[in-house]
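As you go down the protein sequences, you meet chains A and B in turn.
Just so we're aligned, residue 14 is where the first sequence starts under our numbering, counting upward by one.
Just so we're aligned, residue 413 is where the second sequence starts under our numbering, counting upward by one.
Hints listed in this document are in silico derivations from the structure and should not be mistaken for laboratory results.
Accuracy of the hints is not assured; some may be wrong.
Here are the simulated DMTMM-like pairs of lysine to aspartate or glutamate, each with C-alpha atoms no more than 20 Å apart in a straight line [as the list claims (entries may be wrong)]:
1) A:K249 to A:D498
2) A:K370 to B:E541
3) A:K264 to B:E547
4) A:K370 to B:E547
5) B:K457 to A:D97
6) A:K268 to A:D248
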Amino acid sequence: MSKLPDPFREGLARGWKATNGEQGLPEQVQCDVVIVGTGAGAGITAELLTKAGLDVVLVEEGPLRTSTDFNQKESEAYANLYQDGGGRKTMDGALTLLQGRCVGGTTVINWTSSFRTPASTLKYWEDNFGLKDFNEASMAPWFGQAETRLNMHKWEEAPPNPNNELLRTGAKKLGISAEVIPRNVKGCWNLGSCGMGCPTNAKQSMLVTTIPSSLESGARLFYQTRAQEFIIKGDKVEGLICVPIRVNGQKTSDKVLRITAKHYVVSGGAINSPALLKRSKAPDPHGLLGTRTFLHPVAFSGGVFEQRVEGWAGAPQSIYSDHFVHNAPPEGPIGYKLEATPMHPGLAAVLMGGYGKGLAERFQNYPNTQMMLALLRDGFHPESSGGTVILNVDGSPLLNYAMSDYVLAGFKQALLTMAEVQFAAGAKKVMPLHEQAHYYSNWAEAKAAISAYEMKPYYVGGGSAHIMGGCRMGGTEQQGVVRPDGVHWQLSNLSVHDGSLFPTSIGANPQLSIYGLTNRLATALAKRLSGKDVSLI
Amino acid sequence: MVDRSIDHPLQPKRRWFLKTALAIGAVGGALGALVYWHRGMSNGKLTEHGRDVFRGLTMGIVGPMLPKDKAQREAIMEGHLTHTEAFLNGMPNVLQIEVNALLGLLGNFPTRKMLTGMGASWSEATEDELAQAIETMRLNPLPTTRLTYQVLRSLVCMSFYSNSAHWPLTGYPGPVQI
Numbered sequence: 014m015s016k017l018p019d020p021f022r023e024g025l026a027r028g029w030k031a032t033n034g035e036q037g038l039p040e041q042v043q044c045d046v047v048i049v050g051t052g053a054g055a056g057i058t059a060e061l062l063t064k065a066g067l068d069v070v071l072v073e074e075g076p077l078r079t080s081t082d083f084n085q086k087e088s089e090a091y092a093n094l095y096q097d098g099g100g101r102k103t104m105d106g107a108l109t110l111l112q113g114r115c116v117g118g119t120t121v122i123n124w125t126s127s128f129r130t131p132a133s134t135l136k137y138w139e140d141n142f143g144l145k146d147f148n149e150a151s152m153a154p155w156f157g158q159a160e161t162r163l164n165m166h167k168w169e170e171a172p173p174n175p176n177n178e179l180l181r182t183g184a185k186k187l188g189i190s191a192e193v194i195p196r197n198v199k200g201c202w203n204l205g206s207c208g209m210g211c212p213t214n215a216k217q218s219m220l221v222t223t224i225p226s227s228l229e230s231g232a233r234l235f236y237q238t239r240a241q242e243f244i245i246k247g248d249k250v251e252g253l254i255c256v257p258i259r260v261n262g263q264k265t266s267d268k269v270l271r272i273t274a275k276h277y278v279v280s281g282g283a284i285n286s287p288a289l290l291k292r293s294k295a296p297d298p299h300g301l302l303g304t305r306t307f308l309h310p311v312a313f314s315g316g317v318f319e320q321r322v323e324g325w326a327g328a329p330q331s332i333y334s335d336h337f338v339h340n341a342p343p344e345g346p347i348g349y350k351l352e353a354t355p356m357h358p359g360l361a362a363v364l365m366g367g368y369g370k371g372l373a374e375r376f377q378n379y380p381n382t383q384m385m386l387a388l389l390r391d392g393f394h395p396e397s398s399g400g401t402v403i404l405n406v407d408g409s410p411l412l413n414y415a416m417s418d419y420v421l422a423g424f425k426q427a428l429l430t431m432a433e434v435q436f437a438a439g440a441k442k443v444m445p446l447h448e449q450a451h452y453y454s455n456w457a458e459a460k461a462a463i464s465a466y467e468m469k470p471y472y473v474g475g476g477s478a479h480i481m482g483g484c485r486m487g488g489t490e491q492q493g494v495v496r497p498d499g500v501h502w503q504l505s506n507l508s509v510h511d512g513s514l515f516p517t518s519i520g521a522n523p524q525l526s527i528y529g530l531t532n533r534l535a536t537a538l539a540k541r542l543s544g545k546d547v548s549l550i
Numbered sequence: 413m414v415d416r417s418i419d420h421p422l423q424p425k426r427r428w429f430l431k432t433a434l435a436i437g438a439v440g441g442a443l444g445a446l447v448y449w450h451r452g453m454s455n456g457k458l459t460e461h462g463r464d465v466f467r468g469l470t471m472g473i474v475g476p477m478l479p480k481d482k483a484q485r486e487a488i489m490e491g492h493l494t495h496t497e498a499f500l501n502g503m504p505n506v507l508q509i510e511v512n513a514l515l516g517l518l519g520n521f522p523t524r525k526m527l528t529g530m531g532a533s534w535s536e537a538t539e540d541e542l543a544q545a546i547e548t549m550r551l552n553p554l555p556t557t558r559l560t561y562q563v564l565r566s567l568v569c570m571s572f573y574s575n576s577a578h579w580p581l582t583g584y585p586g587p588v589q590i
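Whole structure, please, built from the sequences with the hints as guidance.
In structure tokens, the structure reads:
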């Protein structure tokens, strides 16, 4: 347990208003704006609205855990900070989905990589979804403010750990780009535990920035409180029904909290936001809600080196290569971004694959294993239309995301690229995450083997930590669930402010895209509701 | 025009269909009852059958990394099963129900035989039989059986290796103390 100061707990001691739903909820709450969620979109929105003097209520289904709780143990992190206790998957079980579920949302457990939305992605939105004025120049100030507020900067305070440096070594040998990743950290201890909650409060997540500032300004927080459904009448939301839950998501009682507000903001993240609107039977005249949900499906490759790599130590992500992504035309093969993956034992066991003697051998190589990932840019090609959020029998969300042959072809190409980069960096052997994989001792052997892989379900290993879309923006109501200002096309007092807004995947780790976009939307919303001009900085 | 098969439901083709449907229903019902009888979890606890399945799967998946000493091995396994129970309880109800169904399928002889080809129970299976059962699921022609392998392997690995008590077995020195 961290013995460092815990500003969140100090704030609670000073009287911040935070209620644990499991311990009882009031029957009625009124406010100016209720925000569902406390992650990237919610945090930015809450800070701006409270700056405008609005009475804000935040509703979070996950628990409240703060820096003194973060003990760098995977077992506790997955159970407390992740959706479904770390067990969330696509409906067919083929892809594991890492998504946060706690006060601060995914920003508490992400790996801090901070990229602006690529210009090519914004251009695609403009051309295909009627999102005029969402170009590089018009978005730059919104990204700039978020970068300043969250101390995002090219992270050069310490050298990259070997897990990342080897990516740069291999890329340089092959003559492809490899750059330093900007990160949202302040005084980073370089522990490597970002995925389990930052115990030093160096990561500038919503938990240590915008949520505290909002609570300091009088916002009220209800956690372990699930937004069950909106009460909708005509083109207006009249209330939000919430239920108290345990950490594992089970309801504690049949009592409900009804929140009445002038405006409602949905920031539960992709999958959860469209599911809430579906449970609420929100109007969806064009059948768009929940569709075009994207994942950046991720392929993995392990390279074993002579020297120790110790992929668990140091900043998880500090080097990337965009060589294979933004130069790729949307109508061509799927593009992919190369990065490294932190290697704590639980996650490493999943990513190395195998069982029995094979798994034991992989663990013998574990300290010397560099784990590379390729995140595939889905959503830019007719054969990559993403998944659809549907509701399970109990109302919980399911994501039906089938990997098309087009996406699977991208997996194979990415596995080839990663093996080539790893051998170029000096790997003694390489094993991609695929059920037909073995250790290969040189590039030629790997190339021949990977080229022959059968790319079928449950042979191809993959996952995702970037879930996007499902409530996409569109320039017309035929193109989107919400308008370009984030307001629902059919519900005049409901906005969506989170990663579910994206009409495609981003092609880069999405946190700054969420901050920048919701900064723009929430600044305008604050002005409309309060008449005041506010800014993040 | 009148549909004759509705007017006369017991004509030969219809009888054949009904018999087949009844037979499938009977077999399905029996298997379902067995799966329920041998369910893996009850009231948040792993049942004896559930523990057997997880014990066998864990031996098959991480066994070669465990100490050779039988008592040490047994102590680790007991701790792991307790940890697995807590791990499963951290999941929402719907996922627990799915895991429960998988444990039922693997715990009961006919469905275990279908999925893994293994006749022996998980607690009596040899190291080779466990490896063969897991391999049968891993590369099975049926996607659903391969999915069963992936789900259970993931559960066993996440539960076992995310447990800090097992760090010494992996080469991970633990986090930097602050």
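Verification of the supplied hints:
no. : hint             : result
1   : A:K249 to A:D498 : holds, 17 Å
2   : A:K370 to B:E541 : holds, 14 Å
3   : A:K264 to B:E547 : violated, 39 Å
4   : A:K370 to B:E547 : holds, 12 Å
5   : B:K457 to A:D97  : holds, 18 Å
6   : A:K268 to A:D248 : violated, 27 Å
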